[in-house]
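**Q** In order, the protein sequences belong to chains Y and B. Using the numbering used here, read the first sequence as starting at 1 and increasing by one per residue. Using the numbering used here, read the second sequence as starting at 1001 and increasing by one per residue.
Wrong hints could be hidden among the right ones.
Going by beta-carbon spacing under 10 Å, a handful of chain B positions derived as facing chain Y [to be verified]: (1) Ser1173; (2) Leu1201; (3) Leu1204.
Restricting the straight-line Cα-Cα distance to at most 25 Å, the calculated cross-link-like pairs of lysine to any residue (SDA-like) are [what the hints assert, rightly or not]: (4) Lys1187/B to Gly243/Y; (5) Lys1222/B to Ile282/Y; (6) Lys1191/B to Asn286/Y; (7) Lys77/Y to Gln1368/B; (8) Lys218/Y to His318/Y; (9) Lys294/Y to His1286/B; (10) Lys1222/B to Phe169/Y; (11) Lys363/Y to Tyr1200/B.
Label pairs and their calculated CB-CB ranges [what the hints assert, rightly or not]: (12) Thr230/Y to Asn1249/B: 40 to 48 Å; (13) Asn1121/B to Glu288/Y: 43 to 51 Å; (14) Asp1392/B to Glu288/Y: 37 to 45 Å; (15) Ala1332/B to Glu308/Y: 26 to 34 Å; (16) Ser1202/B to Asn286/Y: 16 to 24 Å; (17) Glu101/Y to Ile1240/B: 53 to 61 Å; (18) Arg1081/B to Phe124/Y: 34 to 42 Å.
Simulated from the structure, these hints should not be mistaken for laboratory data. Using N, Cα and C, we set each Cβ at its ideal position, and we do this for glycine too.
For reference, the chains in residue letters:
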Amino acid sequence: MSTAWMNKMATSPGQLREKVALFWHGHFACRTRRPDDSLALLNTIREKALGKFPDLLLAVSQEPAMLQFLNNQQNRKEHPNENFAREVMELFTLGRGNYTENDVKEAARAFTGWSYDAQSRFTFRERQHDAGPKTLLGQTGNFGGEDALRIIMQQPAAATFIVTKLYRFFVNDVPNPAHIEPLTVAFRKSHYDIGDLLERMFSADWFYEPAAMATIIKSPVVLVAGLRRTLNLKVDNDKQLLGYQKALGQTLFMPPNVAGWPCGRAWIDSSSLLLRLQLPSILFKNAEFAVRLKDDENDITPQTTGRERTVKNTETTHLPLAPIQQLLGGAPTENQPQLLADFLLQAPLRPENLALVQQAAAKATTPEERLRNTLLSLLSLPEYQLA
Amino acid sequence: MQRRQFLQSSALASTLLLVPKFLHALDRSENQLAARLRDAPGGTAKRLIVVQLGGGNDGLNTLVPFRNDLYYKARPTLALREADGLLPVSDELALHQSMKGLKGLFDQGQLAICNAVGYPNPDRSHFRSMDIWQSGSGSEQLLSTGWLGRYLDSNCAGGAPAYQALEIDDTLSLALKGAQRNGLALKNPGKFHQLTQSRYLSRLSQEKAAAPAGSELDYLYKTLAETASSADYLYEKSKIHNSTATYPNTDFGRNLKTTAELIGSGVESRVYYLALSGFDTHVGQHGRQAQLLGELSDGLAALAADLQKSSEWNNTLVMVFSEFGRRVSQNASNGTDHGTANNVFLLSGALRRPGLLNQPASLADLDQGDLRYQLDFRSLYASILTDWLGADDKLVLGPGIEKLAGLV
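Input sequences plus hints: build the corresponding full structure.
**A** Structure below.
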């Protein structure tokens, strides 16, 4: 399932949909023991990733994977379980401080009876539903789950929360209120149209200013998918790539907890940085780099040996040079490092690094090797870790 | 799963922001490095070794209540008996028969056992419960940093290098990730050093002022520089002492040996983190657990003897934990399923209170078939942080955690 999605991210013409789906995959973080449920959740997310947020929220909230993960199966009239209601407000829509403990209790009552059947289909169990009046975020009525989501989405905090999180994913880890406020207003006016929001974000002048470049540390998935996509890499054994991705701390469908993956600098420590910087050498030069993964103690494979958990490179990727040569046109060799840097890096190539890249290129004996060395050294710069 | 709190902007996280100063990489010139090595104060500071038993070790068959009928009733075929060779440590409790090494340390007053350690509203999922133990959170909190990482944040601001906390593995656990500082993961100093030795990386790591201060790029270059200088330091330093002691010929045994060599070489790390996994014994528990506990016991006994020889055992505290214990009743496959409270072992040449530190959990008063915890694991952390590592536990764990007086 992971390899299939990674392939899509690396090759699909609908690149934006996959990237936004990756964002929602972290936003609506969920782990299940049932791969079919996880896949159903992902497909719902991919389908609605660029639509109206309330539709996405409702669909995700009614996915068996999410109901199971957040214990709404146990949320019954006599014994309400608040987990689902709380996470919907805290992590999916409003953020802390924008609701009260009483709102959590009342919303939990509204969600009673939301369940799924043995075939993993959403079911409303009327007998478990608390049909009495509730007061949620200042409104009173005999609310059900759909009403609760509608009322939550009427809060101004919802737009700010979602826009800020998307901004931190796509633009800059440090949110700028001057950029966010107009987007929030437009997002509400459009009835939370995600596609429209992203278009505004990507067409804003500030999106292309140098200050917005190279401000986000790529997640392992973005890094690996980006390498594959940009260079049109051919991969024979993508399981091995998944192993390196896991060593870097991100396995799709396995977020660390309900809050999703912590991002930015949290991806970086000494060992993960060394692996990141050597990943191009591993992929293009078959450089030796064995990593023993931690035992993740799942119940599907309770005991694995250290050997089984070791990832090694085994010459399974191929780098086609023709498209890059085409991209360069007939540019003279001495200009190639700078041209490729403009194409591959968001941060400017500094003179010391240009010199390093040129030195690596000069060691080559053929034009192909020269191009390969140039690419390899550019992609091994810390600058390539940034988007 | 219970309720969680997203602690991104809590009081705890904000106190950590008081240490914003990013470490400068050590000067890598050979002379300076040599001087550093010469001047390093060898092994005077106390250090902590954490051993994580992954998968949920069955505490009831590790420290066995061998006079308790309820134990035998709950485990008709899985219970261990005196005739199996149990190693009694009191009238009622005995260590598993494969733990002769630890029994020896117990008899010498170098092992302390805390019973019924856990936390309120226990979570029976491996990944979540391990997350709770590694982050030092409550079961209703979500922290994205580890307790030892926050120890680095709070205690090593300004001057201390990344190798203050080492994980003997290829990748770094959450436990050693802080908001500002991280520990460092290495399988052994040679392999780690070699990774930083490509000409290209080594040139990159020496670039000065590569990016605007405070930017993400600056952070990457500084981390790289610090990684390279730490690798140099650890590699040079670790040549000083090669252990000749015999450890189990397993990955865990080799990691213990690496740890002893680093300590014996006078490396200034305060924290070492090691894991032994495979304790998830749902099926056929007997053989598997016996093998793992034997490996643990033999390994730790070898470590204790080795560190005694290099006069470092009195400065070293080992803490052994698992993310949860297992259910009191055995299952239908001669195994046990995920449970709750468990025992924690403390080992050192200088324990203030050796032996059994508290009563084992009651087998008569269970919580839906599981042991009730008596001692919050964060109390152990707090005592170790304060009394052993000399840190401020409140900066690491937040307020309101009770310490255990005179534990270490």
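**Q** Does each hint hold? Answer for all of them.
**A** Results of checking the hints against the structure:
1. Ser1173: Nearest chain Y Cβ about 7 Å off; hint holds.
2. Leu1201: Hint on leucine 1201/B: holds, closest Cβ of chain Y at ~6 Å, below 10 Å.
3. Leu1204: holds, 7 Å
4. Lys1187/B to Gly243/Y: Holds - the C-alpha atoms of glycine 243/Y and lysine 1187/B are around 18 Å apart, at most 25 Å.
5. Lys1222/B to Ile282/Y: Holds, because 23 Å separates the two Cα atoms, which is no more than 25 Å.
6. Lys1191/B to Asn286/Y: holds, 17 Å
7. Lys77/Y to Gln1368/B: Given pair lysine 77/Y, glutamine 1368/B holds - Cα atoms ~22 Å apart, limit 25 Å.
8. Lys218/Y to His318/Y: holds, 23 Å
9. Lys294/Y to His1286/B: Satisfied, since the Cα-Cα distance of roughly 24 Å is no more than 25 Å.
10. Lys1222/B to Phe169/Y: holds, 23 Å
11. Lys363/Y to Tyr1200/B: Holds. Lysine 363/Y to tyrosine 1200/B sits at ~13 Å (cutoff 25 Å).
12. Thr230/Y to Asn1249/B: 40 to 48 Å: Check passed, 45 Å falls within 40 to 48 Å.
13. Asn1121/B to Glu288/Y: 43 to 51 Å: holds, 46 Å
14. Asp1392/B to Glu288/Y: 37 to 45 Å: The hint (37 to 45 Å, Cβ to Cβ) holds, given that aspartate 1392/B and glutamate 288/Y are roughly 43 Å apart.
15. Ala1332/B to Glu308/Y: 26 to 34 Å: holds, 27 Å
16. Ser1202/B to Asn286/Y: 16 to 24 Å: Once the Cβ atoms are compared, 21 Å apart, the range 16 to 24 Å for asparagine 286/Y and serine 1202/B holds.
17. Glu101/Y to Ile1240/B: 53 to 61 Å: holds, 58 Å
18. Arg1081/B to Phe124/Y: 34 to 42 Å: Taking Cβ atoms as reference, arginine 1081/B and phenylalanine 124/Y lie about 54 Å apart, which means the hint is violated.
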